[in-house]
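Asks: Spelled out, the chains give:
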Amino acid sequence: MTMVAVGDRSAPARVSRFLRRHRRFSLFVTLGGPVTWMMLVYVGSLLVLVAAAFFKVDSNSKVTTDFTTQNVVDAFTTGSFIQTVIRSVLIALAVTVLCLAIALPMAFYIAKIAKPRYRRGLIVAVLLPLWAGYLVKGYAWKSIFTPDAGKFAARKGGGFLEATIGWTPGFGKVAIVITLAYLWLPYMVLPIYAGLERLPPSYLDAAGDLGARPFRTFRSVIMPILIPSIAAGSIFTFSLSLGDYITPRIISGAKVQMIGNLIDQLQQQNQALSAALTLWPIAIIIVYLLGMSRLHAFENV
Amino acid sequence: MRKQRMAGALGATLVLLLAACGSDDASSGSSSAPVSAVATTSGGVDTTAAPDDTTSGSADVPVVSTADSTDLPVISTADSSDIPAAGVPTELGKGEGELNIIAWAGYAEDGSTDPAVDWVTPFEKETGCSVNVKTGNTSDEMVQLMQTGEYDGVSASGDATTRLIEGGEVSPVNTDLIPNYADVFDGLKMKPWNSKDGQAYGVPHGRGANLLVYNTEAFPTPPDSIDVMFGAAGDAAGKLSVYDSPIYIADAAIYLMSSQPDLKITNPYALDQKQFDAAIEVLKTQKSDVTQYWSLYTDQQTALESGTVLAGTTWQVIVGLAQANDAKIAAVKTKEGATGWSDTWMISSKAKHPNCMYMWMNHIISPEANAAVAEWFGEAPSNAKSCALTTKGFCDDYHAEDDQYWDDVWYWTTATETCLDGRTDVKCVPYSEWVNAWTELRA
Chain U
1 MTMVAVGDRS APARVSRFLR RHRRFSLFVT LGGPVTWMML VYVGSLLVLV AAAFFKVDSN
61 SKVTTDFTTQ NVVDAFTTGS FIQTVIRSVL IALAVTVLCL AIALPMAFYI AKIAKPRYRR
121 GLIVAVLLPL WAGYLVKGYA WKSIFTPDAG KFAARKGGGF LEATIGWTPG FGKVAIVITL
181 AYLWLPYMVL PIYAGLERLP PSYLDAAGDL GARPFRTFRS VIMPILIPSI AAGSIFTFSL
241 SLGDYITPRI ISGAKVQMIG NLIDQLQQQN QALSAALTLW PIAIIIVYLL GMSRLHAFEN
301 V
Chain S
1001 MRKQRMAGAL GATLVLLLAA CGSDDASSGS SSAPVSAVAT TSGGVDTTAA PDDTTSGSAD
1061 VPVVSTADST DLPVISTADS SDIPAAGVPT ELGKGEGELN IIAWAGYAED GSTDPAVDWV
1121 TPFEKETGCS VNVKTGNTSD EMVQLMQTGE YDGVSASGDA TTRLIEGGEV SPVNTDLIPN
1181 YADVFDGLKM KPWNSKDGQA YGVPHGRGAN LLVYNTEAFP TPPDSIDVMF GAAGDAAGKL
1241 SVYDSPIYIA DAAIYLMSSQ PDLKITNPYA LDQKQFDAAI EVLKTQKSDV TQYWSLYTDQ
1301 QTALESGTVL AGTTWQVIVG LAQANDAKIA AVKTKEGATG WSDTWMISSK AKHPNCMYMW
1361 MNHIISPEAN AAVAEWFGEA PSNAKSCALT TKGFCDDYHA EDDQYWDDVW YWTTATETCL
1421 DGRTDVKCVP YSEWVNAWTE LRA
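Chains U and S, in that order, are what the protein sequence lines are. Every letter in the first sequence is one number past the one before it in my numbering, and letter 259, counting from 1, is 259. To convert, count from 1 in the second sequence and add 1000; that's my numbering.
Hint data in this document are derived by calculation from the structure and do not stem from the laboratory. The beta carbon of each residue, even a glycine, is placed where N, CA and C say it ideally should be. Treat the hints with care, as some may be off.
[As the list claims (entries may be wrong)] Facing chain U, a subset of chain S residues (Cβ under 7 Å, in silico):
(1) 1218
(2) 1418
(3) 1420
(4) 1443
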């Protein structure tokens, strides 16, 4: 960087001098846009969404400006809605646990065991499924899960699972969990891989030298360091699963409903109730994020 | 309705894009496949799609194009919903040069889907109204869009029309200004879903019935009763496919009309609380027999072809598509009657281009355009003269001219608190409650 000569009267020089003398102004210029965008588009629309929950919808499904708390009360007290919320949370947690169980050994292998020159290729391989269309993957899993439709099936023997191992979870919750876990797995592998990358090999050597067996090393050395990474990855898998409504629709023929399906269905039929129902995932995600921040998920990711 | 399925594919495409990591090939695949598939079954699309010369035949319908009054319309529609007759125009002015309409996918084709399928371009050439089409995916979305007041008109189904009329979103229509209206089947005119107090609110576009589809191997004896869907599924138990919309409650009501006559249901869209609760109870019981709630029509088609669904509620177009793929299925209108739809082109009460909208309403029910839409889309045309222009056998397949066939078809109608069957001693359950009940049932 070259200093601008005091006597330089060219336009860029004058701008540069001005910005240097008015620090606050330059801060405003650089951050003003993004912050305004963030406030208006992001926080603003969220607030509008929350506000929409308090509008009354008349019998012609027209949103009026009358205030009512009925939608929110309905959203939080109707038994079938609560059941759906619980179902969604359980599915999202199951997806997270499954992703974690698969991602830990995968990431460990890539980061610590695989030869360094293969690492990049392996990471690309993990990311590769993200390039394929979401729907394509959803329908592919559906065909894999297809059970033997019995004596009236057009194609005997069912899908891949049925044909090879003779068992399939069918089109229920298990199938949804597996499909979602497949879809979001890369988001769990990457942060854990990044966390392991930062783990100095000397730590493992030291643990070994001190007589720790592999499991002890994993529990006492690796895990504490990985917790923030796992927490960060779980935020992706949990929140993406919690809000998903396409996969349940594709896999279960819309029989298993998640909170996103309810919101999707209602946003055209009863916008206010739909908005009220979005308070559920918002509340759940906030609680989840608070929990994760206690695990330092937001540091060093 | 299957139009929303078609559009559903498009919607799903959008979702795909939103759902991160969407790939282009996936999206284009899902959106174009169903459309072209429909073309195949309807047969001879290229022969039916109205090319310029055929459509300009409707030039002998001069009122619209020759009217030489001033540019601005003689229409004062603002608050016409209260006093229907007052807002009705008596003559038309020149076209405003533009037209913004909401349509089911496949209802306003301009050749962009298939160059041979185009009844918008001839209209634009003839009237000078350039048409912007917004595809509506569901009835509910259409109502929402119309509430914005930014559109001139809509092709609304019966589960939307009442909300539009009552909500003041649409204006009464002077059918005298629509010459082709005279040729529309009488059975479609001045019905509860397209008129109010003897005043027309639009022109009928086409109709279809919701059929019972069944696997011919699972049902060696062809079923003819709606009981298959409600408790008497036989081999199809656990493999039923049900249309995923609040309006399906009416199907349960039709079942109750025959199975529980003491409930005294006379119109499946006019249910008092007791009758409504009975219908919901029936649907709850049905749940365990259902394997699929479909809203994207290709989903049901696939399930029928694979045999994972052995019976269900369906549309003629799905049956045709699946049969073309060698699915062992057949469909029947149940003897207890069936639900169905009859769509209506309506004009917005806030229309900025009312003259163009009137011209469009006349154009879209002209024999040429109406025949082309019906075949492209897969429904019975509304204009009696259309059948002469469709592929041989088409109108028979869709029972277009068979008045008796439609006698026991209950076209989708929006339930209102005032009972549609004329009862005054009770209040009926309005559609908004149908929505809530369906949502809870499905959750």
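Asks: For every hint, state whether the structure bears it out.
Replies: These are the hints, each one checked on the structure:
1. 1218: holds (5 Å)
2. 1418: This hint is violated: residue 1418 of chain S lies away from chain U, its Cβ roughly 11 Å from the closest one there, beyond 7 Å.
3. 1420: violated (14 Å)
4. 1443: OK, holds: residue 1443 of chain S within 7 Å of chain U, min 4 Å.
Figure legend: structure checked against the earlier numbered hints; hints not met, in rising order: 2, 3.
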